[in-house]
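Colleague: Could you build all of it, start to finish, from the sequences and the hints given here?
Read off the chains here:
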Amino acid sequence: MVDWGIPIGVGIAFGLGALGTGYAQSKIGSAGAGTIAERPETFGLMVVLVAIPETMVILGFVVAAMMMIMLV
Amino acid sequence: MVVRVEYDYVNARIKGMKSRLLAPPVFESLILKPDVESIIAELENTSYKEEIERATVQYSGMKCIEVALRNDFTNAFRKILGFMKGGDSEKYINILLSRWDIQNIKTILRGKNIHMTSAEIVECLVPAGQLDNTTLIELIRQPDVKAVIDLLATWGIEYAKPLTRNFKEYSEKRDLSILEYAIDKFYYENALEKSGEDSYDDRIILDMITTEIDVTNIKNVLKMIRDKIGIEEAEPFLIKGGITLDIEKLLSMLRSGTLEGAIKVLDATPYKFLSELPADVFKTEKISVFEKELEKYLIKRGIRRFLGDPLSIAVAVGYVWAKYNEITNIRIIARCKTADITEKEIREELIYV
Numbered sequence: 001m002v003d004w005g006i007p008i009g010v011g012i013a014f015g016l017g018a019l020g021t022g023y024a025q026s027k028i029g030s031a032g033a034g035t036i037a038e039r040p041e042t043f044g045l046m047v048v049l050v051a052i053p054e055t056m057v058i059l060g061f062v063v064a065a066m067m068m069i070m071l072v
Numbered sequence: 073m074v075v076r077v078e079y080d081y082v083n084a085r086i087k088g089m090k091s092r093l094l095a096p097p098v099f100e101s102l103i104l105k106p107d108v109e110s111i112i113a114e115l116e117n118t119s120y121k122e123e124i125e126r127a128t129v130q131y132s133g134m135k136c137i138e139v140a141l142r143n144d145f146t147n148a149f150r151k152i153l154g155f156m157k158g159g160d161s162e163k164y165i166n167i168l169l170s171r172w173d174i175q176n177i178k179t180i181l182r183g184k185n186i187h188m189t190s191a192e193i194v195e196c197l198v199p200a201g202q203l204d205n206t207t208l209i210e211l212i213r214q215p216d217v218k219a220v221i222d223l224l225a226t227w228g229i230e231y232a233k234p235l236t237r238n239f240k241e242y243s244e245k246r247d248l249s250i251l252e253y254a255i256d257k258f259y260y261e262n263a264l265e266k267s268g269e270d271s272y273d274d275r276i277i278l279d280m281i282t283t284e285i286d287v288t289n290i291k292n293v294l295k296m297i298r299d300k301i302g303i304e305e306a307e308p309f310l311i312k313g314g315i316t317l318d319i320e321k322l323l324s325m326l327r328s329g330t331l332e333g334a335i336k337v338l339d340a341t342p343y344k345f346l347s348e349l350p351a352d353v354f355k356t357e358k359i360s361v362f363e364k365e366l367e368k369y370l371i372k373r374g375i376r377r378f379l380g381d382p383l384s385i386a387v388a389v390g391y392v393w394a395k396y397n398e399i400t401n402i403r404i405i406a407r408c409k410t411a412d413i414t415e416k417e418i419r420e421e422l423i424y425v
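Here the protein sequences come in this chain order: Z and F. Under the numbering used here, the letters of the first sequence match residues 1 to 72, in that order. Under the numbering used here, the letters of the second sequence match residues 73 to 425, in that order.
Calculated directly from the structure, the hints in this document are not laboratory data. Where is the CB? At the ideal position from N, CA and C, for every residue including glycine. Heads up, a few of these hints could be off.
Stated by the list, open to error - List of simulated lysine to any residue pairs, SDA-like, C-alpha gap at most 20 Å:
1) F:90 x Z:28
2) F:368 x F:341
3) F:87 x Z:46
Stated by the list, open to error - If you only want the chain Z side, here are some residues facing chain F, beta carbon under 8 Å, derived:
4) 18
5) 21
6) 27
7) 34
8) 35
9) 38
10) 39
11) 65
Stated by the list, open to error - Incomplete in silico selection of chain F near chain Z, CB under 8 Å:
12) 85
13) 88
14) 214
Modeller: Following this line, the structure appears as structure tokens:
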């Protein structure tokens with residue numbers, strides 16, 4: 001019988017991380033666009049700030065990958 | 073179509089604009105300047121550079137500063153209105169900016185009432201509301217108060233309604249305060265009706281309007297006490313809807329008959345600070361001092377909105393008041409320089425928030 005537990009867990013770990021990242025980046029991105037429009041010198045800082053939520057989806061990916069490699 | 077405004081973008085832009093407001097050290101350096109020309113030179117190193125350069129082409133001295141400040145003020149508000157155009161928060165910013173429409177119409181009516189020249193009236197206008205510069209100039213071109221009201225009515229501008237309704241009484245008594253009160257009352261009633269009280273944004277706007285109603289009522293009551301106007305005559309001039317002071321409390325201020333008595337009624341309210349003014353202000357019945365303190369209170373309350381929810385109309389409200397405060401302070405410094413007022417006195421006149 002197929003064990004669906006691990007694929008579902010992997011999906012949750014990666015999917016929720018991606019959703020969280022998407023939401024955070026949409027908010028930070030629009031605020032960052034507003035800030036750059038008024039103060040173009042903040043461009044570099046805004047790129048870094050928009051990239052920070054990527055850590056969530058990367059962590060999700062790492063957890064998902066570890067589950068696939070170590071549990072399957 | 074109404075679109076939900078993304079406050080994250082709009083408020084980031086407004087905060088960016090806020091970061092360009094002048095810091096206290098800049099005000100200090102403006103105060104230390106010897107004359108108006110050096111103030112203009114100093115302003116060229118700030119965010120006013122563009123407008124100052126544009127104004128210096130046509131004007132010099134105080135007139136240059138006035139024109140530059142007015143244009144900067146108007147542009148800042150038109151920019152905010154542009155961010156919010158078509159969004160559900162447009163109504164809030166319109167309510168806030170209508171304040172300047174009312175002020176402009178009252179200025180034009182006052183000017184026409186005392187037969188000021190068009191150039192003198194233009195100097196006092198702030199075209200930051202929905203009535204743009206062209207509309208206001210066309211109103212100023214009218215020969216008298218009646219023609220101004222008629223033109224407003226012809227254009228279908230809502231402020232014509234209270235003026236038309238009260239024009240007969242004004243023409244009988246020749247008292248402009250009848251028209252001023254009518255348009256003020258119309259503005260506040262309209263603003264209260266439009267703002268609602270369901271959302272956080274509604275409550276922010278409601279708080280500012282009701283505080284303004286309180287401040288306007290206190291100013292009116294103090295003036296009426298000074299001019300010894302009877303309660304029956306004064307009552308129709310009170311505006312309903314204040315945040316702290318209802319009509320009954322305002323009437324008890326009027327009943328007291330003296331400035332000291334009226335201010336005592338305010339003891340248990342946020343306006344208690346008025347009782348701490350020096351005794352000679354009460355003796356000489358200098359209402360302008362009370363008006364200034366109340367204006368300071370209103371500005372401080374408005375600017376404190378910056379501390380509210382960063383994803384709400386609070387940021388825009390805070391900016392509108394902070395910008396108004398900055399323009400007022402620069403104007404005070406420049407005017408004091410033309411009148412040879414000492415630096416210490418200028419510092420006392422400014423509103424630091």
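Colleague: So, for every hint listed, does it hold in this structure?
Modeller: Hints, one by one, checked against the model:
1. F:90 x Z:28: With Cα atoms ~19 Å apart, residue 90 (chain F) and residue 28 (chain Z) stay inside 20 Å; holds.
2. F:368 x F:341: 16 Å, holds
3. F:87 x Z:46: 15 Å, holds
4. 18: 20 Å, violated
5. 21: Given a least distance of 16 Å, the restraint on residue 21 (chain Z) is violated.
6. 27: Holds: closest Cβ of chain F sits about 5 Å from residue 27 (chain Z), inside 8 Å.
7. 34: 3 Å, holds
8. 35: OK, holds: residue 35 (chain Z) within 8 Å of chain F, min 5 Å.
9. 38: 3 Å, holds
10. 39: Since the shortest Cβ distance to chain F is 5 Å, the answer is holds.
11. 65: Check failed: Cβ of residue 65 (chain Z) comes no nearer than 32 Å to chain F, outside 8 Å.
12. 85: Since chain Z brings a Cβ to about 4 Å from residue 85 (chain F), closer than 8 Å, the hint holds.
13. 88: 3 Å, holds
14. 214: With a minimum Cβ separation of about 40 Å from chain Z (threshold 8 Å), the hint on residue 214 (chain F) is violated.
Figure legend: structure checked against the earlier numbered hints; hints not met, in rising order: 4, 5, 11 and 14.
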